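If you're matching them up, the sequences are chains X and B in order. Counting the first sequence from 1 gives a position; this note's numbering is that position plus 90. Counting the second sequence from 1 gives a position; this note's numbering is that position plus 90.
Where hints are given, some of them may not hold.
Any copy will do: because identical chains look the same in the list, a pair fits if it lies in one copy or spans two.
Using 25 Å as the maximum straight-line C-alpha spacing, the simulated DSS-like pairs for lysine-lysine come out as follows [unchecked claim]:
#1 Lys258 / Lys278
#2 Lys108 / Lys258
#3 Lys258 / Lys296
#4 Lys197 / Lys258
#5 Lys155 / Lys247
#6 Lys108 / Lys228
#7 Lys228 / Lys278
#8 Lys145 / Lys197
#9 Lys108 / Lys197
#10 Lys144 / Lys108
#11 Lys258 / Lys247
#12 Lys139 / Lys247
#13 Lys119 / Lys258
#14 Lys278 / Lys296
It should be emphasised that the hints constitute simulated quantities derived from the structure, not laboratory data. Here the structure is a predicted model, which means the values were calculated and not measured.
As a plain string of letters, each chain reads:
2 protein chains.
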Amino acid sequence: MQEATNRSQAGGAGDMGKGEQTRQEIIRKAAPIFNQRGYEGASLSDLMKATGLKKGGIYRHFSSKEQLAAEAFDFAWQEAWSARTRGLESVTNSVDRLQQLVVNFVKRRGVVPGGCPLLNTAVDSDDGSFVLRQRVRKAFAGWSNQVMTTIRTGIRKREVRPGIDARKVATVMIATLEGAIMLSRLEKTDHALRAAQEYLDAYLEKEVRLQR
Amino acid sequence: MQEATNRSQAGGAGDMGKGEQTRQEIIRKAAPIFNQRGYEGASLSDLMKATGLKKGGIYRHFSSKEQLAAEAFDFAWQEAWSARTRGLESVTNSVDRLQQLVVNFVKRRGVVPGGCPLLNTAVDSDDGSFVLRQRVRKAFAGWSNQVMTTIRTGIRKREVRPGIDARKVATVMIATLEGAIMLSRLEKTDHALRAAQEYLDAYLEKEVRLQR
């Protein structure tokens, strides 16, 4: 009954029961820990310190560290994705939209401390957690599909060259940006990200845009 | 005297004292553990199992886990680098040589289990060990310099366009390959690496090679 009453309240946290609120709060606070330190590196004491809860207070809400890490990844990815795609729908030309996505990726960083959750969690889970890897695969598939859909729409609208392999363009864009964020974080400068942006911008202009 | 005697023997392990042999053996066996599981994930019991030594037998040779991880990274990178550059000097044209470097990166994998040590250790150390990050920076600088030198030689030999920004080309090549290896390991297919290869090959052909 308590839960039903809470759900009937309008807006915000009032929509969830207290247990669900606590659960979401744990996920939100655990996300930067996992993103910065990795799955193995995120210790129970780190998680307790970040959440202000004891072990029992955390694990009442999650069946395992892996489950918490998986939800923390989904949260971190959602935050990064929202930042990168915000406002994109107002860019009507498909190639301009892809170029803006590149700009957003380069400019809108640090939403969740520790760098891109996709890169971090992919590298972390490639010889590790299958559960985590599945979440990252889903995130990559979503991003890749968004780029492919933009390209296919662009072909129909005669903005993109008809012969383009949409999957290949999506893969190369994502690989270049993720590799560049790795190098930028290694060097602690923006050089690699700026180089990748300039290069992808020219590539989209010369090889992807339909020349009239 | 023992060490001097050993050093005077010709070839192989005979060149080192027994302590140094053991030390090298530990590094060689620890490298895949660190490369697959990361710095935090590589537990003492993993390292003991891989080396067949007890804690004291390992740490007699290294001042800390960080020092062992740093030496393991250097070893792993050296192995990867040797595989990727083997035979390159016989390719005389500078652009052909860069294209061959890309092919080697895509084809010669798995030298040290766990994927590219540069990618893994960069992502692992970006919010972590400064010592490790310095080693990765050195590895990246070496790779980047090799590409830049090839490009500058190519400009002198009139094989590469004179206006090319060598540092930018090196950064984009490395970013694209490292991002692609991350995606290939995520998907457990070669798609991303093949896409990156095709794309870099065309880029080097169209944008870097001097057209006559």
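Hints, one by one, checked against the model:
no.	hint	verdict
1	Lys258 / Lys278	between (29 Å within a copy, 16 Å between copies)
2	Lys108 / Lys258	neither (46 Å within a copy, 52 Å between copies)
3	Lys258 / Lys296	both (16 Å within a copy, 18 Å between copies)
4	Lys197 / Lys258	both (24 Å within a copy, 19 Å between copies)
5	Lys155 / Lys247	neither (47 Å within a copy, 57 Å between copies)
6	Lys108 / Lys228	neither (29 Å within a copy, 50 Å between copies)
7	Lys228 / Lys278	between (29 Å within a copy, 14 Å between copies)
8	Lys145 / Lys197	neither (37 Å within a copy, 46 Å between copies)
9	Lys108 / Lys197	neither (36 Å within a copy, 53 Å between copies)
10	Lys144 / Lys108	within (17 Å within a copy, 49 Å between copies)
11	Lys258 / Lys247	within (20 Å within a copy, 33 Å between copies)
12	Lys139 / Lys247	neither (53 Å within a copy, 60 Å between copies)
13	Lys119 / Lys258	neither (36 Å within a copy, 37 Å between copies)
14	Lys278 / Lys296	neither (30 Å within a copy, 31 Å between copies)
Against the hints set out earlier in the document, violations occur for numbers 2, 5, 6, 8, 9, 12, 13 and 14.
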